[in-house]
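Protein chains in written order, with the numbering used here: chain A, 37 to 215; chain B, 54 to 154.
Errors might be hidden in some of the hints.
[Claimed, not checked] Using C-beta positions, here's what the derived DEER-type ranges look like:
#1 B:SER55 / A:LEU200: 53 to 59 Å
#2 A:MET68 / B:ARG140: 24 to 30 Å
#3 B:ARG140 / A:PHE107: 18 to 24 Å
#4 B:VAL146 / A:MET110: 16 to 22 Å
#5 B:VAL63 / A:THR178: 31 to 37 Å
Just so you know, the hints here were simulated from the structure itself, not pulled from any lab data. Every residue gets a Cβ at the ideal spot worked out from N, C-alpha and C, and that includes glycine.
Below, each chain spelled out in residue letters.
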Amino acid sequence: MTEVILFGLFAAVALAGAVVMLTARNPVYSAMGLLIVMFSMALFYVLLDAHFVAAVQLLVYAGAVMTLFLFVIMMIGVDKREDNAESIPFQRVITFVVAGGLAVVVVLAGYQAWVTGSDAFGTPDLVGTIETVADSLFGTWTIAFLSTVLLLTIAALGTIALALFGPTAVRKTEPEEGA
Amino acid sequence: MSVTVAWYMVFAAVLFSMGAAGVLLRRNALVMFMSIELMLNSVNLTFIAAGSELGLIEGQVAALFVMVVAAAEVTVGLAILVAVFRRRSSANVDELSELRG
Numbered sequence: 037m038t039e040v041i042l043f044g045l046f047a048a049v050a051l052a053g054a055v056v057m058l059t060a061r062n063p064v065y066s067a068m069g070l071l072i073v074m075f076s077m078a079l080f081y082v083l084l085d086a087h088f089v090a091a092v093q094l095l096v097y098a099g100a101v102m103t104l105f106l107f108v109i110m111m112i113g114v115d116k117r118e119d120n121a122e123s124i125p126f127q128r129v130i131t132f133v134v135a136g137g138l139a140v141v142v143v144l145a146g147y148q149a150w151v152t153g154s155d156a157f158g159t160p161d162l163v164g165t166i167e168t169v170a171d172s173l174f175g176t177w178t179i180a181f182l183s184t185v186l187l188l189t190i191a192a193l194g195t196i197a198l199a200l201f202g203p204t205a206v207r208k209t210e211p212e213e214g215a
Numbered sequence: 054m055s056v057t058v059a060w061y062m063v064f065a066a067v068l069f070s071m072g073a074a075g076v077l078l079r080r081n082a083l084v085m086f087m088s089i090e091l092m093l094n095s096v097n098l099t100f101i102a103a104g105s106e107l108g109l110i111e112g113q114v115a116a117l118f119v120m121v122v123a124a125a126e127v128t129v130g131l132a133i134l135v136a137v138f139r140r141r142s143s144a145n146v147d148e149l150s151e152l153r154g
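Make the full structure from the sequences, and use the hints.
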């Protein structure tokens, strides 16, 4: 029963956070809405006995990624208000139709394909401690894990290259072509 | 009454669709990135819920990999955004429409 109450409460909180993220005109409010969703996600992971992933979720998303978002928001200015004009006709209506249709299709497809219960290979009452996750990560999936190391290194190098060799502030004074 | 995995799946589908709506609706590239993060998070929730239901640790390992890819994506994406902003003084994607054939 506790689980149902926690799920309902934090599902409502996460949905509210997502709505704030979608509708806020100020990007800082959007970031705060996303932060609420991240915290709720970490609680869902704890409910699903994925304790290590919940801790990583808080450290990586709520800690690192959101801080990066806030840095960039502060860097490029929060006072710019977003333009409400629709550049594509009926953009908002089309968006709601597409997103609602996507939700229906995903739920239906999941309902068609969903199986329940542990399969023959699974361990019932699995708890995602550091030990069980690391056994799988450094045992079965070592190559994939090393690939993520490579991916992160390349991403970091690309970011540094963009910052060093990207457009300089001087070019901002150039006249706009075709404007 | 207890929470079944189907609840998590439906909840994740709703969050995923809200993220997709955000990408389609918003003009601020930062908020579009946040919407993509929301979509990745909802997929992580389905991974972990399915792994918990089937008793396989691979669900959590897949979620960790998704987190790594999301971190790399957001780093490069925000670096591109800052580079665009230094050139254009704007983060509005409607103004970045000059790449035409």
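Structure-based check of all given hints:
For the pair SER55 of chain B and LEU200 of chain A, the beta carbons lie near 54 Å from each other, so the given range of 53 to 59 Å is met. Between MET68 of chain A and ARG140 of chain B the beta carbons are some 29 Å apart, a value that agrees with the proposed interval 24 to 30 Å. Separated by about 19 Å at the C-beta atoms, ARG140 of chain B and PHE107 of chain A satisfy the suggested range of 18 to 24 Å. Checked against the hint of 16 to 22 Å, the pair VAL146 of chain B and MET110 of chain A passes, with Cβ atoms roughly 20 Å apart.
Checked against the hint of 31 to 37 Å, the pair VAL63 of chain B and THR178 of chain A passes, with Cβ atoms roughly 35 Å apart.
This entry satisfies every hint, going by the numbered hints stated previously.
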